[in-house]
Amino acid sequence: MEVPILKQGLYLIASIQSALTDADLSALREALIERVGKYRARGVIVDVTALDVMDSFAVRTLRDIAHMARLRGAETVIVGIQPEVAFAMVQLGLTLKGVSTALDLEEGLAFLDRQGRERLERVQGRGTRGGTTRG
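Sequence positions in the sequence shown follow our numbering and run 920 to 1054.
Incorrect hints may have been included.
[What the hints assert, rightly or not] Keeping only pairs whose Cα atoms sit at most 20 Å apart, straight-line, the calculated EDC-like set for lysine to aspartate or glutamate is:
hint, residue 1, residue 2
1, K926, E994
2, K926, E1003
3, K926, E953
4, K1016, D974
5, K957, D983
6, K957, E994
7, K1016, D983
8, K1016, E921
9, K1016, E953
10, K926, D941
11, K1016, E1003
12, K1016, E994
13, K957, E921
14, K926, D1023
[As the list claims (entries may be wrong)] Taking CB as the label site, the calculated pair distances span:
hint, residue 1, residue 2, range
15, M920, E1037, 33 to 41 Å
16, R1041, K1016, 32 to 40 Å
17, S937, Y958, 37 to 45 Å
FYI, nobody ran anything at the bench for these hints, they're computed from the structure.
Because the structure is a prediction, the values reported are computed rather than measured.
Don't be surprised by glycine CBs; every beta carbon is placed ideally from N, CA and C.
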């Protein structure tokens, strides 16, 4: 089952609506990473609200998406992890280490907006500090 990927400004949003096969997850990973470059996305949100279970391959694939997107210049946020899924992940030792998470889509968008502002401030700060001016 193909996961729809929506472009919202500088962000890509993939909303997983049902359990996916390993092949579906791999296809999602490839599609998201390709579109980060195609649309010059600065952020990726993967919404897993509809999932009531995540196996080790799904968790590993989400982690891979986040790391690959970061290498291409985009931050990733996984949103909507259900309480029972979070509990099972902890019990099974499945982690999203190094991956940002948020309660829901709204919080995920706010997180990416903050990240974008901080990135811009860092870039602007570098351009004015310690440099010489030509006259």
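Do the hints match the structure? See the list:
1. K926 x E994: Judged against 20 Å, a Cα distance of about 14 Å means the pair holds.
2. K926 x E1003: Answer violated: K926 to E1003 is near 30 Å, above 20 Å.
3. K926 x E953: Holds - the C-alpha atoms of E953 and K926 are around 13 Å apart, at most 20 Å.
4. K1016 x D974: With Cα atoms ~16 Å apart, K1016 and D974 stay inside 20 Å; holds.
5. K957 x D983: 19 Å, holds
6. K957 x E994: 15 Å, holds
7. K1016 x D983: Roughly 11 Å between the alpha carbons, so the hint for K1016 and D983 holds.
8. K1016 x E921: Roughly 26 Å between the alpha carbons, so the hint for K1016 and E921 is violated.
9. K1016 x E953: 23 Å, violated
10. K926 x D941: Violated - the C-alpha atoms of D941 and K926 are around 24 Å apart, more than 20 Å.
11. K1016 x E1003: Since the Cα atoms of K1016 and E1003 sit roughly 19 Å apart, the hinted pair holds (cutoff 20 Å).
12. K1016 x E994: 14 Å, holds
13. K957 x E921: 19 Å, holds
14. K926 x D1023: 17 Å, holds
15. M920 x E1037: 33 to 41 Å: 36 Å, holds
16. R1041 x K1016: 32 to 40 Å: Given a distance of about 24 Å, which is not inside 32 to 40 Å, the answer is violated.
17. S937 x Y958: 37 to 45 Å: Once the Cβ atoms are compared, 25 Å apart, the range 37 to 45 Å for Y958 and S937 is violated.
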